[in-house]
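*Asks:* Listed below, chain by chain, are the residues.
2 protein chains.
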Amino acid sequence: MAGRLGILAGSGNLPAQVAESCRRDGRDLFIIALEGQAVASELPEGVPTAWYRMGAAGAILDRLKAEGVRDIVMAGRVRRPSLAELRPDWRAAQVLARASARALGDDGLLGAVSKVLEQEGFHVVGADELAGDLLTPVGVLTRALPDEQAEADIARGIAAARDLGRLDIGQAVVVQQGIVLGVEAIEGTDALISRCAGLKRSGAGPVLVKVRKPQQDRRFDLPAIGPDTVTACAAAGFAGIAAEAGGTLFLGRESALTAADAAGLFVAGVNCPIPEAE
Amino acid sequence: MAGRLGILAGSGNLPAQVAESCRRDGRDLFIIALEGQAVASELPEGVPTAWYRMGAAGAILDRLKAEGVRDIVMAGRVRRPSLAELRPDWRAAQVLARASARALGDDGLLGAVSKVLEQEGFHVVGADELAGDLLTPVGVLTRALPDEQAEADIARGIAAARDLGRLDIGQAVVVQQGIVLGVEAIEGTDALISRCAGLKRSGAGPVLVKVRKPQQDRRFDLPAIGPDTVTACAAAGFAGIAAEAGGTLFLGRESALTAADAAGLFVAGVNCPIPEAE
Chain A
1 MAGRLGILAG
11 SGNLPAQVAE
21 SCRRDGRDLF
31 IIALEGQAVA
41 SELPEGVPTA
51 WYRMGAAGAI
61 LDRLKAEGVR
71 DIVMAGRVRR
81 PSLAELRPDW
91 RAAQVLARAS
101 ARALGDDGLL
111 GAVSKVLEQE
121 GFHVVGADEL
131 AGDLLTPVGV
141 LTRALPDEQA
151 EADIARGIAA
161 ARDLGRLDIG
171 QAVVVQQGIV
181 LGVEAIEGTD
191 ALISRCAGLK
201 RSGAGPVLVK
211 VRKPQQDRRF
221 DLPAIGPDTV
231 TACAAAGFAG
241 IAAEAGGTLF
251 LGRESALTAA
261 DAAGLFVAGV
271 NCPIPEAE
Chain B
1 MAGRLGILAG
11 SGNLPAQVAE
21 SCRRDGRDLF
31 IIALEGQAVA
41 SELPEGVPTA
51 WYRMGAAGAI
61 LDRLKAEGVR
71 DIVMAGRVRR
81 PSLAELRPDW
91 RAAQVLARAS
101 ARALGDDGLL
111 GAVSKVLEQE
121 GFHVVGADEL
131 AGDLLTPVGV
141 LTRALPDEQA
151 EADIARGIAA
161 ARDLGRLDIG
171 QAVVVQQGIV
181 LGVEAIEGTD
191 ALISRCAGLK
201 RSGAGPVLVK
211 VRKPQQDRRF
221 DLPAIGPDTV
231 TACAAAGFAG
241 IAAEAGGTLF
251 LGRESALTAA
261 DAAGLFVAGV
271 NCPIPEAE
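Chains as they are written, first to last, in this note's numbering: chain A, 1 to 278; chain B, 1 to 278.
By construction, these hints were calculated from the structure, which means they are not laboratory data. No false leads were mixed into what you were given.
If you anchor each label on the Cβ, the simulated ranges turn out as follows:
#1 A/120 / B/145: 39 to 47 Å
#2 B/66 / A/145: 45 to 53 Å
#3 A/41 / B/79: 41 to 49 Å
From the structure, some residues in chain B lie toward chain A, with a derived Cβ separation under 7 Å:
#4 84
#5 167
#6 199
Note that the structure is predicted; figures quoted are calculated from it, not measured. Just so you know, even glycine gets a beta-carbon here, dropped at the ideal spot from N, CA and C.
Looking at chain A on its own, in the form it has when it is part of the complex (with noise of 0.2 Å):
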């Protein structure tokens, strides 16, 4: 029924999870790998694959459509290049020129790039939308749970992590004995977990909290947690993981909670509502 998909791939293994779903669902495929974001040995093997720089924008439009793509998903981490690395073309200026009011926050950027692609005609989709199973449950995953002082550290995670998100800076804290350890901004989530190994107190571990922007278009970027999630926040000494049930996408799931149950980690989808609008 649905026409071609393009994968417009940055790193990480959320496009090769993605094109693996919709191969069993027997969907045909059309990759755009970016240069200097996507890894292709975490490419999916046997789908046709193109490699564009991010600036490339008119050619990658044309190449899409001269593809048959009519779908395209966002797929993976795209590291934000400065504008000397991104060369744009005058369609990525277009989009630069669109994102600039938001200061070229994640929400910025990305907003401005699918609202282009909407523009030529293409129908933006999100990856959840493609594998539902890849969105983090409700509850606990592990044999470990959460216990007092977890339940009290994610909770003043949460509210945190929201404000974060809300002003577009990051999408995940840790948390230990009711102080924030680190904030994540740009370095990404694996970073902020080794630096806060060097900063925990003794006592019950930190935990991780990870949640969506209160303004997340869920179409991109979703916050995700994996199975380096999981090793990370292990040799770090931390409690557990929580993240935000339907909301987050849990990748890797089976090997990242045999991860966490060898290590004796938690790992718990919370449901944390979006407050009202003020």
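Guided by the hints, dock chain B onto chain A, whose structure is given.
*Replies:* Frame of chain A; chain B shown alone:
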């Protein structure tokens, strides 16, 4: 006129600067140096000094009374110890019990310490009351000036840092070309700066923005910049530093500004009115 002043000293050069300023005014001083926090080489010479561990609140209070102290200033950085390190005596335990409602954020802990001091008949004063020239003045203090991009980054930084402060997380952010590169939590400003050196983009350099929390009690924990801040920002390739005028301390101003001018960095005291409570 004023009685003997007690200085509860943490690390950094604030205790020495406060002491020097008060000695110039001919005021009698007594220093309580906090073990594991204060650094002997940073403390002023020729001032009677006693070392105590932070958990020994009862002994500290007794000593301050025995020394005839009436006014107390808390000066210098204090790294929050874990409960295990603290080994609180019963007075310290009272302070902690009071603070726990605030989940041991900075405000909660220091506010509780100051409440107990006042209950014991002491008068807690701010470092800036004792040495008015410590506050960052309004305006650009260096030869280098913030350009248009830096002005925009400062504005974004103020908004973000205020929100972090309101959440009692941290007081500093780094912004470059509209993007928040990093956010300070418990790691401190120097660690934030050096982390951002590895995250920055090419083109116009990042700006460090430091403001006080909206709910900050001016008597303790005012954010500070100093020569170390300038040196770290210069090494990290920053464009400059913006600190809240009248709301941050600028320590070692002369040598800091000399270093900033040598490196071509700007340092600016910026007005940032605190929005009305919602």
